[in-house]
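Residues per chain, in single letters:
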Amino acid sequence: MADTAVETPSPAKLEVSDEVAIQITNMNKWYGTFHVLRDIDLTVHRGERIVIAGPSGSGKSTLIRCINALEEHQRGRIEVDGTVLSSDIKNIDTIRSEVGMVFQHFNLFPHLTILENCTLAPIWVRKIPKHEAEKTAMHFLEKVKIPEQADKYPGQLSGGQQQRVAIARSLCMRPRIMLFDEPTSALDPEMIKEVLDTMVELAEEGMTMICVTHEMGFARQVANRVIFMDQGQIVEQNEPEEFFNNPKNPRTQLFLSQILGH
Amino acid sequence: MADTAVETPSPAKLEVSDEVAIQITNMNKWYGTFHVLRDIDLTVHRGERIVIAGPSGSGKSTLIRCINALEEHQRGRIEVDGTVLSSDIKNIDTIRSEVGMVFQHFNLFPHLTILENCTLAPIWVRKIPKHEAEKTAMHFLEKVKIPEQADKYPGQLSGGQQQRVAIARSLCMRPRIMLFDEPTSALDPEMIKEVLDTMVELAEEGMTMICVTHEMGFARQVANRVIFMDQGQIVEQNEPEEFFNNPKNPRTQLFLSQILGH
Amino acid sequence: QTLSDVQDRGTLNCGVTTGLVGFAAPDANGDWSGFDVAVCRAVAAAVLEDPQSVEFVPTTGKTRFTALSSGEIDMLARNTTWTFTRDVDLKFEFAGINYYDGQGFMIPKELGVSSARELSGATVCIQTGTTTELNLADYFRKNNMDYEPVPIETNAEAQQQYIAGACDVYTTDASGLAATRAAFETPGDHVILPEIISKEPLGPLVRHGDNEWGDVVRWTLNALIAAEELGITSANIDEMKAGTESPEINRILGTEGNLGEMLGLDADWAYRAIKANGNYGEIFAKNIGESTPIGLARGLNAQWTDGGLMYAPPFR
Amino acid sequence: MTTLSDPQGESFRLSMLLNDTRYRSYTFQFIALVCVAALFAYLGSNLMANLRAAGLSISYDFLGDPSGYDINQTMIAYTSQSSHLRASIVGLLNTLLVSILACITATIIGVVAGVLRLSNNWLVSKLMAGYVEMFRNVPVLIWIIIIFTIMTAVAPSPSAFRGDDPDASMVFGMIAFTNRGVYVPAPVFEPLGWVVLGVFLASIVASILYRRHARKKLFDEGVLLPTTWPTLAIVFVPAILVFFVLGRPITLDIPELGGFNFSGGVTLLGSLIALWFALAIYTGAFIAENVRAGILSVSRGQTEAAAALGLRPRRIMNLVVLPQALRVIVPPLISHYLNITKNSSLAIAVGYMDLTGTLGGITLNQTGRAIETILLLMLFYLAISLTISGLMNVYNNAVRLKER
Amino acid sequence: MSDVHAQSVGWVRDTLIDQQPPPVTEAGAVKWVRSNLFSTIPNAILTLAALWVLWRLLSGVAPWILNGIWDAPSLSACREILDGATGGCFAVLAERWNQLLFGFQYPSELYWRPMSAFLLLFVAIAPVLFYKTFPRQMLIFTAIYPFLAYWLIWGGSLLTPVCAGLGFVIGYLVYARLVTQSFAMGFFGGIAAALVFWWITGALNFTGILMMERVESRNLGGFMLNLILGTVCVSLSIPFGIALALGRQSDMPIIKWICVVFIEFIRGVPLITLLFVANVVLAYFLPPGSNFDLILRVIIMITMFASAYIAEVIRGGLAALPKGQYEAADSLGLDYAQAMRLIILPQALKISIPGIVNVAVGLFKDTTLVSVISMFDLVGMIRGPILASTEWNGVYWELLGFAALLFFVTCYGISQYSQWLERQLNTDRR
Ligand SMILES: Nc1ncnc2c1ncn2[C@@H]1O[C@H](COP(=O)(O)OP(=O)(O)OP(=O)(O)O)[C@@H](O)[C@H]1O
Ligand SMILES: Nc1ncnc2c1ncn2[C@@H]1O[C@H](COP(=O)(O)OP(=O)(O)OP(=O)(O)O)[C@@H](O)[C@H]1O
Ligand SMILES: NC(=O)CC[C@H](N)C(=O)O
Ligand SMILES: [Mg+2]
Ligand SMILES: [Mg+2]
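Protein chains in written order, with the numbering used here: chain A, 639 to 900; chain B, 639 to 900; chain C, 358 to 673; chain D, 921 to 1324; chain E, 1278 to 1707.
Chain A extracted, bound-state conformation (with noise of 0.2 Å):
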């Protein structure tokens, strides 16, 4: 599969700033007792783009879930853009505004249009005007490359389609943040690279991002830092040329020689 991605080798150079953007502090989850998260700390810096790779079941979707709140975690501090993350509900939405996620499955709201989905958000959380948020939504949209379909539905767009305009949605609440979950692997092959390309092109305008993607080839290209989780835990982190010629870790050499052996 890693060879659909866009192929040049050299992670591209873009300026990271000091300032941290996440800020995960010996966070630990549990699921009833199963312990899926163990001791994550994380920095971020502003403008870093990270790929977060793993075994199935390794606890990366659950990672980033609980960055966005999605999860609540019971130990350990995350603090995103200055703000920590509590059961306060104000911080939760303050977070949530400023992280933006795209999921695997798109999760489009398939009863909006295009364009309804990507002004939800900001008309009723940021309460921008419509015909504001209709512009921005209209730039993301050209962004992503498909303003022609904004007036469909969901369920008339193609799975790559979906995806970017899942993408556009996201942005249109101007995030600080991207957060992306696996976001390709529901696709064909060809709607892959078409997603890949948005995302590098985020990546290229220093947006930060965290991905979790088995795409090697987009690793390569845009990330700064690659991480790799097994069993809840972080267990490698590294540059991407480091990590892919030279994994340290028995269990990262072992899953490297599968996911780019085939």
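Calculated from the structure, these hints are not laboratory results. Predicted, not measured: the structure shown is a model, and the values here were computed from it. The reader is advised that the hints may include incorrect statements.
[As the list claims (entries may be wrong)] Simulated restraints, written as ranges between beta carbons of each label pair:
hint : chain 1 : residue 1 : chain 2 : residue 2 : range
1    : D       : I951      : E       : P1412     : 57 to 65 Å
2    : E       : Q1701     : B       : S694      : 21 to 29 Å
3    : A       : Q896      : B       : N884      : 52 to 60 Å
4    : B       : N884      : D       : R1220     : 55 to 63 Å
5    : E       : S1494     : C       : E602      : 31 to 39 Å
6    : E       : A1597     : B       : S694      : 31 to 39 Å
7    : C       : S471      : D       : P1076     : 21 to 29 Å
8    : E       : V1338     : C       : S361      : 57 to 65 Å
9    : E       : A1321     : D       : L1144     : 28 to 36 Å
10   : E       : I1318     : D       : R1131     : 23 to 31 Å
11   : D       : I951      : E       : G1479     : 23 to 31 Å
12   : A       : A824      : D       : R1131     : 45 to 53 Å
13   : C       : G469      : D       : R972      : 51 to 59 Å
14   : E       : S1459     : A       : E839      : 57 to 65 Å
[What the hints assert, rightly or not] Some residues of chain B that are not near chain E, with every Cβ distance over 12 Å (derived):
hint : residue
15   : D731
16   : E786
17   : E843
18   : D868
19   : Q871
[As the list claims (entries may be wrong)] Straight line, CA to CA, 20 Å or less: simulated DMTMM-like cross-link-like pairs of lysine to aspartate or glutamate:
hint : chain 1 : residue 1 : chain 2 : residue 2
20   : E       : K1600     : A       : E874
21   : B       : K783      : B       : E709
22   : A       : K831      : A       : E820
23   : B       : K765      : D       : D1140
24   : B       : K783      : B       : E754
25   : B       : K765      : D       : E1141
26   : D       : K1262     : E       : E1541
27   : E       : K1600     : A       : E709
28   : E       : K1308     : B       : E709
29   : B       : K768      : D       : E1141
30   : A       : K728      : A       : E710
31   : E       : K1409     : E       : E1699
All C-beta atoms in this analysis are idealised placements derived from N, C-alpha and C, irrespective of residue type, glycine included.
Starting from the known structure of chain A, arrange chains B, C, D and E with the ligands on it as the hints suggest.
Quick look at chains B, C, D and E with the ligands alone, frame taken from chain A:
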């Protein structure tokens, strides 16, 4: 799709006997007023492995379903293993227990375990004592490499495993002829391989097989004849090598260019 | 306070039966008439000055008491028997008796039965939730007979069942039997057996605890009865209203004394009540009397002066 | 609800009641609880005030008092001197009786109609579709009344059986259809008769054992024994033999016209029959749809796969289609049973003395204890419903298909 | 080696065979009759049996209908005209049809009012039922309709329904104003504003202003009563059903249990017992001195009944929505109320429409049960006043058949609609 199959290009050299297994003469079938099968003539010898290809709606499924008396034909004659297919229930029963059939959608019985799926027909049709039937069933399950799933229910298996159970289930009746109707087209690429491997193995043992499939790799590897159908007629038949490299009929050429194209 | 409620509302909610010819039944236009209806109209006339401002609420044997006690209706004028438990346990107040009745049996002539004693084994149609149901059980038990009750809700259903022959006998108040029989196509084919197995004093009733309202209903009824005794009729009432020799008539008609005021009404209340449908005797004759198809004799319901039991307490 | 993210240094503030996910749900629940409690308190105080105004009080003492009325169909000993509670139980049993009868009949009608609706006979399937639509779309109350009318207004009254040249006669000389009900012969057991009955029951058990044996034989030795005829033979032949050998120890008590009514035999009241058939035929239409959907839910592929394996149509039905269809059919079937039980309360429209007729009808009327009786009535029905749906859940869990 | 076998040699068809007509036995009427009616012996027997049943039905019913008498003053007169022949006495329908439709107490000169309310109902309901074909603007009429219908049926001053409607408008305006800040504030603010408005206008007396003759609700009856109960209770129960369904889905245990207990309780008891409650006990629970009329109490109970069933339907709709929709809404920062209002409910309700329609049909049929508590709906009219009247004592079939037909037409129509809708929704969601 073609590339997922096994890549050995030479057709396996397997002996074909002189005995006739299936003889179809001038067979015609209508659905209402729609003429689905027109003047089909086909002789299959014991040990032959025939692949049927053709565009959608060309009557491939209908043809092999007629062989199994799942559909009745209106004119012409079908003789399977010396028994002429007529509306006599006795004959139909004889033929059906000689002929195994594997469907595109597996059609396992979801309320029975894998083992029960495999022993049901031997016990009730062949009147084989249960423990013997189970022994046979385990033998064939081992052959398709899933003996450990014997006590699970179909819903608990993956698609490829289910299709392999379906093959084992047919084999448990010890048929002399196997019919496959697009056995892999409902499967994910990885699973296709599992199933094709099983079929190749069967072919190598000399089973008479008729297989509707578009897996050209499979056709190349095991078939000793490829039949191309269009609009309810057999348009061309040839050895795989000839068929693929040197199609004669323009319709065949068009079709091959399409499916091998991508 | 029911009195003021009724006056504020401008209509009297009066519970009647769902339909028993002669006692309370709507005609094709939905206008009610009958012996019980007349009582309602008299009360409405007394209280609201208009005998027409009555809302009739049809009730079955089952719904009548709850309708009354929940306040849905202000009074119940539905051939209801005055019994101890209804008065004491169910907390109702009977305003008097407008018909002295008893339970009887009706049976097709062709069955050739002449006495209730011969009814052993019969199938009996009976309205549920009535005193007659209990009387019936007692009567058959006492006489060591068995029977099969067919319970029904309304007189109309009973009539259908009986006509269709689903029961041999229909039992209810004798007055009700007469009224039901009168509605048959061929009343002559049915006989009412001579036995009367119970006492069924029927009268209008109101809720306990609202004595003012109870008094209004009681004395309206009494005014109707007294009017007959004193010879006040709808024909001569206007004459008498001008004043008569008899002080009691004058008191009733409000030309003397202040009885109306004591009731919380005006002086003309009884005048209007009697004027509405005539006195008791007139009401009886018009709705169920011998000249009607129902053809009930006055019997016990004659004035005490004629040897009957109708006896209005003095207006004084 | 373990939400302990970083509690250090935070003290409780009032605004947290609304803004903090930890306390917010407590706040809402508290408010909801208060609202509900307030509603109940309000209703309760109204009730108290109204009762006081009417001088009534709530008491269940009346349940012990003699009821004073008679009931035409009693399955336990009952006279007008029995208590109201006993009358309620008589009613409850009558409710259960008519519900069970209707459930069985509705199932039979529904299965037959549902299967016939799938028949490839065009006329039959259209006829069944007509039946289903016709009965589903007209209120059950109207059906009850229609059937009751057939019973009372169309069937002859017992007197029609009287005389030398009666207008009506008994079917087979044993069964009388009258407008009060159907009179059928009742079996009378002489002492030896019980032996016959015992033999009959034993042969039913034997037939089941035989079928088991046949199955085992097939599984063990691959010999398929015939089942249909042997089963019938095992069930009936010994009983009939014993019956004659012992000199016909079971006789029939044939209903006879005497006095006003037929006496002897078993009487099925007209109201029972009307209610029973109306419920059965009405619900049968729903069940038919249900059965049809269940059978259709088993995909054609299943039948074809079974056929391709050489199974014969009847075996396909028994071994493949029915076991799968039942899982789809049974849950809605049970809710139809529930509906039958609830709809049986319409007995009151035909004067059948079920729970609503006794407890919610005459007892309520004669005692005037409306609140108490209706509460009790609802509790009875609730108990029946909960029992049935409890059983349904057990069944559903037992047959759920294993998925991964 | 394989070229030893003749059939293995390459073979190409040069000329295509054209479509040929099927053999005679395979097409046309003969084939149809054979395969649909007489394919096997048991099938042939079934066909004959079905034909026999049909013949019996037709031969019984046809003369009865064809010979029907439509003009006679009473049953006996009708029988005389028939003179022994089979035939229905449909005269009873001709004579009493307005009683059957409107009850026996509704003033006959006012029949045009419920009639026009009934016709307008179609206009009002069309944009809801066929939301694709009709312009959305028609929904405004749908919103006005309840107040209009109230005025038409019950009469009284036009200002009463107008004020009631204005209350909703004002409530909505306040809600729209406040909702951008917080849903709870908007919601309760809206309710409070509406209540205040109603309280103020409730004190006013409109008698005499734009009056139409008032009709007491106990004077409603006949089929009209069934229709009123059906439509009113179903429409009222939808909002309650939504609330109950959301409550039951909530993860707050107390709220959840309150809803579960309510729903299961209502679904566990027969409607009759709830009608008894309306009839005999509900009044005890209302504030002393308040006088709810029977219709209103019945509406309250039936609405409670229907909302429990509708709640279950909507719960199914909610459960059918993929979890991703909830998460997507959360991750965009929508709060609970917004997510429900904008994302979840619109989708869940759309999925639930066929189920709601089915509940509505069932409920409409169940409105006949009010005849048991002696209200004079269609069935009540037939069983009470008409069958008991001296003229028409005994015309069961004509009356019951008429009632059955009326219900059949309505319910069959609605259920066909619901099936059509189900197909529509299925194709929508490709
Ligand atoms: N709601 C839940 N309740 C209990 N366990 C859960 C829940 N969601 C996830 N898990 C478990 O938590 C673990 C981590 O899940 P997670 O979805 O984060 O894995 P992942 O790394 O994203 O895997 P994948 O690549 O398959 O998406 C898994 O073992 C999963 O079974
Ligand atoms: N039961 C049926 N009734 C009427 N027409 C049918 C029926 N089954 C199939 N057909 C028609 O017969 C033709 C041949 O169908 P068939 O399924 O044999 O095609 P196929 O070659 O197997 O196509 P595919 O590759 O899509 O499976 C098609 O045009 C189809 O529409
Ligand atoms: N028939 C009736 O409706 C009344 C019966 C009896 N008088 C009673 O009060 O119970
Ligand atoms: Mg994941
Ligand atoms: Mg096919």
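A quick look at each hint next to the structure:
{"no.": "1", "hint": "I951/D / P1412/E: 57 to 65 Å", "verdict": "violated (41 Å)"}
{"no.": "2", "hint": "Q1701/E / S694/B: 21 to 29 Å", "verdict": "holds (28 Å)"}
{"no.": "3", "hint": "Q896/A / N884/B: 52 to 60 Å", "verdict": "violated (41 Å)"}
{"no.": "4", "hint": "N884/B / R1220/D: 55 to 63 Å", "verdict": "violated (40 Å)"}
{"no.": "5", "hint": "S1494/E / E602/C: 31 to 39 Å", "verdict": "violated (51 Å)"}
{"no.": "6", "hint": "A1597/E / S694/B: 31 to 39 Å", "verdict": "holds (32 Å)"}
{"no.": "7", "hint": "S471/C / P1076/D: 21 to 29 Å", "verdict": "holds (25 Å)"}
{"no.": "8", "hint": "V1338/E / S361/C: 57 to 65 Å", "verdict": "holds (59 Å)"}
{"no.": "9", "hint": "A1321/E / L1144/D: 28 to 36 Å", "verdict": "holds (30 Å)"}
{"no.": "10", "hint": "I1318/E / R1131/D: 23 to 31 Å", "verdict": "holds (28 Å)"}
{"no.": "11", "hint": "I951/D / G1479/E: 23 to 31 Å", "verdict": "holds (27 Å)"}
{"no.": "12", "hint": "A824/A / R1131/D: 45 to 53 Å", "verdict": "holds (52 Å)"}
{"no.": "13", "hint": "G469/C / R972/D: 51 to 59 Å", "verdict": "holds (56 Å)"}
{"no.": "14", "hint": "S1459/E / E839/A: 57 to 65 Å", "verdict": "violated (38 Å)"}
{"no.": "15", "hint": "D731", "verdict": "holds (17 Å)"}
{"no.": "16", "hint": "E786", "verdict": "holds (33 Å)"}
{"no.": "17", "hint": "E843", "verdict": "holds (18 Å)"}
{"no.": "18", "hint": "D868", "verdict": "violated (8 Å)"}
{"no.": "19", "hint": "Q871", "verdict": "violated (6 Å)"}
{"no.": "20", "hint": "K1600/E / E874/A", "verdict": "violated (32 Å)"}
{"no.": "21", "hint": "K783/B / E709/B", "verdict": "violated (33 Å)"}
{"no.": "22", "hint": "K831/A / E820/A", "verdict": "holds (14 Å)"}
{"no.": "23", "hint": "K765/B / D1140/D", "verdict": "holds (10 Å)"}
{"no.": "24", "hint": "K783/B / E754/B", "verdict": "holds (17 Å)"}
{"no.": "25", "hint": "K765/B / E1141/D", "verdict": "holds (8 Å)"}
{"no.": "26", "hint": "K1262/D / E1541/E", "verdict": "holds (14 Å)"}
{"no.": "27", "hint": "K1600/E / E709/A", "verdict": "holds (13 Å)"}
{"no.": "28", "hint": "K1308/E / E709/B", "verdict": "holds (17 Å)"}
{"no.": "29", "hint": "K768/B / E1141/D", "verdict": "holds (8 Å)"}
{"no.": "30", "hint": "K728/A / E710/A", "verdict": "holds (15 Å)"}
{"no.": "31", "hint": "K1409/E / E1699/E", "verdict": "holds (14 Å)"}
In terms of the numbered hints stated before, the structure departs from hints 1, 3, 4, 5, 14, 18, 19, 20, 21, listed from lowest to highest.
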